[in-house]
Amino acid sequence: MWNLLQIELYKIFRKPRTYLAFAIIAAFIFLIQLGLLVNGKDWMKFMLGSLDETMAFNYDELINGYAVCFVVLNLLLVHVPILVALVAGDVVSGEASMGTLRLLAAKPVSRTQIILAKYFATAVYVFALLLWIAIISLVISIAVFGTNDLVVAKTNGLQVIESNDVLWRYFCAFGFAFIAMMVVAAISLLLSVLSENSIGPIVATVGIIIVCTLISEMEIPIYQKYIKPYLFTTYMLGWKGFFYIGSTDDNETIRGSIQYLPGILKSIAALLVYIVALVGASVFIFRKKDILS
Amino acid sequence: MASIIQVSNLSKQFKDIHAVEDLSFTVEEGDVYGFLGQNGAGKSTSIRMLLTLIKPTAGSISIFGKDLSTNRNEILKQVGAVIEKPDLYKYLSAYDNLAIFAKMSGIKADKKLLMDQLKMVGLDERANSKVKTFSQGMKQRLGIAVALIHNPRLIILDEPTNGLDPQGIADMRNLILQLSREMGKTIVVSSHLLSEIELVANRMLIIHKGKKIVEGKVAELLDPSRSLVQIETSDNTATREKLQQTKWSSSLQNKEGKLQLKMNKEDVPQLIAELVAMQVQVISVDPMHSLEDYFLSLTTQPGHVESFAN
Amino acid sequence: MKRILFLVFFFQLSLLTQAQDVNALVQKVKDKINLVNDYEAGGKMKTNVTFLKVPVAAVKLYFKKPNKLKIKNEKGISFIPRGAVNINMSNVLSSGKYSVLDAGNDKIGNTAVKVVKLLPEDDNAEVVLSTLYIDPVNHVILKTKTTTRDNGTYELEMGFGKYIAWGLPDKIIFSFNTKDYKMPKGVTFDFDDGTKKKTPEEKEKLKNQKGKVEISVSSYSINKGIADSVFN
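So the protein lines, in turn, are chains A, B and C.
Just add 951 to wherever you are in the first sequence, counting from 1, and you've got our numbering.
Just add 4 to wherever you are in the second sequence, counting from 1, and you've got our numbering.
Just add 43 to wherever you are in the third sequence, counting from 1, and you've got our numbering.
For the record, the hints were derived by calculation from the structure and aren't laboratory data.
A portion of the hints provided could be inaccurate.
[Said to hold, decoys possible] The list that follows gives simulated cross-link-like pairs (lysine-lysine, DSSO-like), each with its CA atoms no further than 30 Å apart:
| id | chain 1 | residue 1 | chain 2 | residue 2 |
| --- | --- | --- | --- | --- |
| 1 | A | Lys966 | B | Lys112 |
| 2 | B | Lys107 | A | Lys1240 |
| 3 | A | Lys1240 | B | Lys59 |
| 4 | A | Lys1105 | C | Lys157 |
| 5 | A | Lys966 | B | Lys215 |
| 6 | A | Lys996 | C | Lys89 |
| 7 | A | Lys966 | B | Lys251 |
| 8 | B | Lys94 | A | Lys966 |
| 9 | B | Lys107 | A | Lys966 |
| 10 | B | Lys269 | A | Lys966 |
| 11 | A | Lys1240 | B | Lys81 |
| 12 | C | Lys150 | A | Lys996 |
[Stated by the list, open to error] Facing chain C, a subset of chain A residues (Cβ under 8 Å, in silico):
| id | residue |
| --- | --- |
| 13 | Asp993 |
| 14 | Thr1005 |
| 15 | Met1006 |
| 16 | Val1095 |
| 17 | Asn1099 |
| 18 | Glu1147 |
| 19 | Asn1202 |
[Claimed, not checked] Listed next, with one range per pair, are the computed distances between beta-carbon atoms:
| id | chain 1 | residue 1 | chain 2 | residue 2 | range |
| --- | --- | --- | --- | --- | --- |
| 20 | B | Lys70 | A | Pro1213 | 29 to 39 Å |
| 21 | C | Asp64 | A | Asp993 | 18 to 28 Å |
| 22 | A | Pro1172 | C | Asp166 | 48 to 58 Å |
| 23 | B | Thr74 | A | Pro1180 | 40 to 50 Å |
| 24 | A | Gly1207 | C | Ser259 | 19 to 29 Å |
| 25 | A | Gln1175 | B | Ser133 | 40 to 50 Å |
For glycine and all other residues, C-beta sits at the position ideal for the given N, C-alpha and C.
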């Protein structure tokens, strides 16, 4: 299995396409950082609207490394699934269209091992991608903008997280994002097993995410009640839960707390169920599949 | 001699298409076994079933005396294959491709072994070039290197000469003979060209529309003394009855409406003389002198084939 | 009829004398406030507003006559309701002219207080009406209610301790109605974390709650001079 994983990793990380994702992310984050560096105050004024009519605060303090990273994650993590699909959607179908799948499947390794090795290799890729995002969005933002308290805006208010209470939330958020992205990878894997060309699964994955997100966001009662609880996209934004700090009855934040941990744990559980089901289905189908490519 | 491959009553059905139907054959140790059929005859489906790429609908395959479905990995460790086009990882070098498949075959291949293998197929100087820069012939040679890197007992080559230039085809032929004679490998080679099979195989099987037409030693199947001769007379039924009374009765083929005999071509003049003596009005005598003729006419006159499937 | 007229006259007279009393009281309070030219104070600020979840902050307060006040977080980010900065006592008492009305007596805790209403004479003044609850013994204001033109109604409660001689409170509780506070909209990337959804009625109720900012001052440094730049 270890050998197989090494081989799959080698295949992924020798593909030029893989580095495209890293380049896109770097470019995207640099653009946000540059924008906020040059024009952050105006942007913040725009985002906070007329808040400063009733509240006194310092815009310069609001734009710090933690806040920049938070902005980056909010804007970026929604799009990372595309980059995950770019690689994960290709792992089986790409080999099918290239013609190497039949060589692979005629080797003395079980099809289950092939699929699992491919999924684990994708996991390493996703991990590397998130690590890359973390390094650029967090480390560079902190280096450029410094640190201060993190102000998180929710629809029902603002909350201030003290600067020394922020970093662990980012680690947790990246961990959560990893699990969420592995669901995307699992969807891509399943579609990749079903397909013989590599574009199909990538487009289909993105399509599924868009449709599910729309259903998740539509406030139509019947969808909310009967469909939304079963959609993976409902749980994908759970990383934000780590930035919803707990508070006392008189609205004083409690350092190191999370407003609603069970909600996050439920999201993680739901996502893990999705992963197991999707990877299980991929293995099942791939084991039964006649390789005709 | 032990059987390397034993296929019994193998069938594969894709939805309502019978790709392979009730196919049985045996490959012995040391054979170069030709698998002959037109495109779409079921060769590839059969070969893919041997390599566990396709699951049979019915029947069993045993390789090296073990059931393939239960001893898959153990068996495949000793099997090397080139399946249709030799597609490899285009974005990787020849060396990397070889290294990957060596690892997947479960062997520890050091640099020397890999380079030796590339040298054997004449690619040692292009070891670090990406496969996408290779010609079809180079890819084919690399495919062979990949198939052989783990020193398999059984080598399966599916249409190995497809897309090759005449020199490439000759090289492939020599390689097959070399593997067989010098290294004692058992080889299954499929082709839609009888001439290819004829030149390398000692035993062969002809498959058509998923069914076995004939299996046997190439030398015997292509023996001119076992030709099929078709006679057209003024009254075929009466002629058949007359012939049944003669020594030709054992050569007569059971074929509705047509009068066919399996016989040595050299005996044809004698047959004509006897027919004339029996006062049969002979319209034509048509000797179908070799298996190749039958094979070539498979599509146009399927009746000929059925007559072979005795 | 005569009797009624007399009563009316008497009532007006008593009002007048009372007004003179409260004017004197307000003047005394003002005198006390005027003792302080500037101060720098250190303390803790606790904000209790439903839509604002913040930690207790260590703050510094800077004041300079006539009406400069600045609250600064020692570290980190703070959101301070604008009213808390604009509406302070010297602001109420020193800016412009106003009519003083006696509104009787009351009690805050165990302390008997005089209730005084201030009506600015300028119709366009930001403050529409101030009600002061004055401790007539110590000449300090224990509580004020201020209705402003733009910023709603505020309540200021003050507790006094060792700085009572300067008229400076140890504890300031600033309460306000949060209804008029504007929140950013459409910029948040909310995520439904599974907490129970609030109905619109509940949301409205939350919005109408009172917000509070509580500052506990541990020490004052009075009349040591403060540069104007601090207030920018």
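Now for the hints, and whether the structure bears them out:
1. A:Lys966 x B:Lys112: holds (24 Å)
2. B:Lys107 x A:Lys1240: The given pair, whose Cα atoms are some 24 Å apart, holds under the 30 Å limit.
3. A:Lys1240 x B:Lys59: holds (8 Å)
4. A:Lys1105 x C:Lys157: violated (44 Å)
5. A:Lys966 x B:Lys215: Violated, because 43 Å separates the two Cα atoms, which is more than 30 Å.
6. A:Lys996 x C:Lys89: Status holds; Cα separation ~25 Å.
7. A:Lys966 x B:Lys251: violated (72 Å)
8. B:Lys94 x A:Lys966: holds (10 Å)
9. B:Lys107 x A:Lys966: holds (19 Å)
10. B:Lys269 x A:Lys966: violated (62 Å)
11. A:Lys1240 x B:Lys81: holds (21 Å)
12. C:Lys150 x A:Lys996: violated (45 Å)
13. Asp993: Since the shortest Cβ distance to chain C is 14 Å, the answer is violated.
14. Thr1005: holds (5 Å)
15. Met1006: Holds - the Cβ of Met1006 (chain A) comes within 8 Å of chain C, reaching about 5 Å at its closest.
16. Val1095: With a closest approach of 18 Å, the Val1095 (chain A) hint is violated.
17. Asn1099: holds (6 Å)
18. Glu1147: Check failed: Cβ of Glu1147 (chain A) comes no nearer than 37 Å to chain C, outside 8 Å.
19. Asn1202: holds (5 Å)
20. B:Lys70 x A:Pro1213: 29 to 39 Å: violated (54 Å)
21. C:Asp64 x A:Asp993: 18 to 28 Å: violated (55 Å)
22. A:Pro1172 x C:Asp166: 48 to 58 Å: holds (51 Å)
23. B:Thr74 x A:Pro1180: 40 to 50 Å: Holds, since Thr74 (chain B) and Pro1180 (chain A) (Cβ atoms, about 43 Å apart) stay within the stated range.
24. A:Gly1207 x C:Ser259: 19 to 29 Å: With Cβ atoms ~23 Å apart, the hint holds.
25. A:Gln1175 x B:Ser133: 40 to 50 Å: The hinted range 40 to 50 Å is violated for Gln1175 (chain A) and Ser133 (chain B), with Cβ atoms some 58 Å apart.
Violation of the numbered hints given earlier is confined to hints 4, 5, 7, 10, 12, 13, 16, 18, 20, 21 and 25; the remaining hints are satisfied by the structure.
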